[in-house]
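There are 2 protein chains.
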Amino acid sequence: MTLILNLKDVEQAINMRTIIDQIEKGLVEEYNGGVIMPPRMNMATNNQGFFRLMPAVMNESGYMGFKAFFKSGGQVRYLIGIIDQKENNLEAMMDSSYLTAVRTGATTGLATKYLARENARTVGVIGSGLEARTNLEAVCAVRDIEYVRVFSPNPQRRELFAAEMSEKLGIQVKAVASPFMAVEGADIVNVCTNTSTKGNGVAFEGKWMNRSMHVNSIGSTMPSMREIDTDSFEKADGIVIDTIHLENESGDVLQAIKAGQYDRSKVVELKELVAGKKVRLHDEQITLFKSVGTAVQDIMAARAVYEEAKKLGVGTDVGEFLEAKLFN
Amino acid sequence: MTLILNLKDVEQAINMRTIIDQIEKGLVEEYNGGVIMPPRMNMATNNQGFFRLMPAVMNESGYMGFKAFFKSGGQVRYLIGIIDQKENNLEAMMDSSYLTAVRTGATTGLATKYLARENARTVGVIGSGLEARTNLEAVCAVRDIEYVRVFSPNPQRRELFAAEMSEKLGIQVKAVASPFMAVEGADIVNVCTNTSTKGNGVAFEGKWMNRSMHVNSIGSTMPSMREIDTDSFEKADGIVIDTIHLENESGDVLQAIKAGQYDRSKVVELKELVAGKKVRLHDEQITLFKSVGTAVQDIMAARAVYEEAKKLGVGTDVGEFLEAKLFN
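Residue numbers (this note's numbering), protein chains in the order written: chain B, 1 to 328; chain F, 1 to 328.
Isolated chain B, as found in the complex (with noise of 0.2 Å):
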């Protein structure tokens, strides 16, 4: 069979807890070799548009998929299909307009699981779209949260903010009126912007980095997109990236190695991390993860999505809608 799921059935399968572990368990079969992943193919469209597919296969677990996402006038459309190796079966596919957020924040939240203190409780966010939310959500999931403070240039969006992700993780939440107010000392301080459609710069700076601090980036996904300077990297003891990838697709690395500032003797894959290489030596350290998403972190949330919409009966049922046809 293959399992037809929409954004309503997708939202009702999320388990944030559930997907940050599956993605764990997706890194680990990457660190141990067992994944084949290439670099996205991205096509140009018309309307300043693109068609993107990010496939992967895992050779372990045997699960593979891909995601395929096409823009065009200012919308974008994700599809994601996973596939059972060993059943040959198209398992389901499945919108990934709200899945792609939540695998980023859930990545984030597994980076942060590594990467912050233990006792970490306060959170700065800078941003309060979608992933604003999700990467909120993670942070939440893997540590003891108690008091978040969130800016963004639009009033009415923060407040927005402010009021819906208290009510809905049950911690104070409070809107301020400048980046640094937000991030002052937070223990943790998640990044997620689009600033480089404004045109103000990045969002956040390395001089506001204090010690103990973890920040997460997730905005800056394409060499265009800007949202930590340059400082930020020179000033973490440590920086975790999600993928090499990254090197190449994120501005804000891109330039981070443009200035000199980007010492890789200091940087550790995720995949790495989550095998067991420290990063956080001690408590004081400042910690960086920058993200910009993969094949594998789809994959694996889908799978979580899949299994909990399998449970909850949720989605449309297509039968076995490919035929199996005997190779020969």
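One thing to keep in mind: the hints can contain errors.
The list treats identical chains as one, so a pair stands whether inside a single copy or across any two.
[Claimed, not checked] DSSO-like, lysine-lysine: derived pairs with alpha carbons at most 30 Å apart:
{"no.": "1", "residue 1": "K310", "residue 2": "K86"}
{"no.": "2", "residue 1": "K86", "residue 2": "K71"}
{"no.": "3", "residue 1": "K311", "residue 2": "K71"}
{"no.": "4", "residue 1": "K258", "residue 2": "K8"}
{"no.": "5", "residue 1": "K278", "residue 2": "K310"}
{"no.": "6", "residue 1": "K71", "residue 2": "K174"}
{"no.": "7", "residue 1": "K113", "residue 2": "K235"}
{"no.": "8", "residue 1": "K71", "residue 2": "K278"}
It is worth saying that the hints were derived from the structure and are not from the lab.
Assemble chain F onto chain B, guided by the hints.
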């Protein structure tokens, strides 16, 4: 809306002549430079399986999409997704186990339309599988074929092919006991085999080529696969290939290159042929068409099926199952 089409739906919506015409349109667009078609992604999976992804973006017509196919345990499944750029909509996802054979046939039909003598009446077929059927059907869609001879090593299979195709096409189809008996004096030859797995060398030899013959060969789609000998390339006056990638993918072509019998000065791409380049200069010449399949052929065949399925009202409409997300 997104339409889900299983094998039965697709079979109902197939019209060979329409698919040939659509593929021709796609190739003209490709010739005009409106198409982005990266080399296919080929990933190895467990159990000598694979996962392959073939996308194409057509920026003139605004169509795009991908084929995903995956093999495990001797079984393969095929999925095609097609996207309308303008509406940024996933129009359909369809089983393409049968459709892949149909589009291969349709592409052969298209090449034959331009390459075979106008008054071609006889076809020799080597092979009796699904591809042998769809390729013969397509040739009969572009020429007034009166008589067909078929050979494949298994007498039962070739007799069944003769009976079924005679019934389906309403012409005489006769099973014969050797490949030479099938092709001797034929106006058109279709070689549609998978000889590599049988270990008995090639299925067609250049010495059998008589004057004015046109030969289609579609079965050597990987470096390990062979079906026509290297002399065939030397003996042909003109050679048409469906994609230049074939020079790295087809075992037949790789061997002909190695043997110094592949003269690039007489090789033309199918898109050039449909755009007006002459290959057959007179009736006496021998022509050869080699194909491995491309994503443009897949997308255009799938679009033809989608349009027909909508008219017929077949398939499962799963609504607008991918959410449109603002891209900011």
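Hints, verified against the model:
no.: 1; hint: K310 x K86; in the structure: within (19 Å within a copy, 34 Å between copies)
no.: 2; hint: K86 x K71; in the structure: between (33 Å within a copy, 10 Å between copies)
no.: 3; hint: K311 x K71; in the structure: between (32 Å within a copy, 28 Å between copies)
no.: 4; hint: K258 x K8; in the structure: neither (43 Å within a copy, 57 Å between copies)
no.: 5; hint: K278 x K310; in the structure: neither (37 Å within a copy, 57 Å between copies)
no.: 6; hint: K71 x K174; in the structure: neither (34 Å within a copy, 52 Å between copies)
no.: 7; hint: K113 x K235; in the structure: within (21 Å within a copy, 68 Å between copies)
no.: 8; hint: K71 x K278; in the structure: neither (39 Å within a copy, 39 Å between copies)
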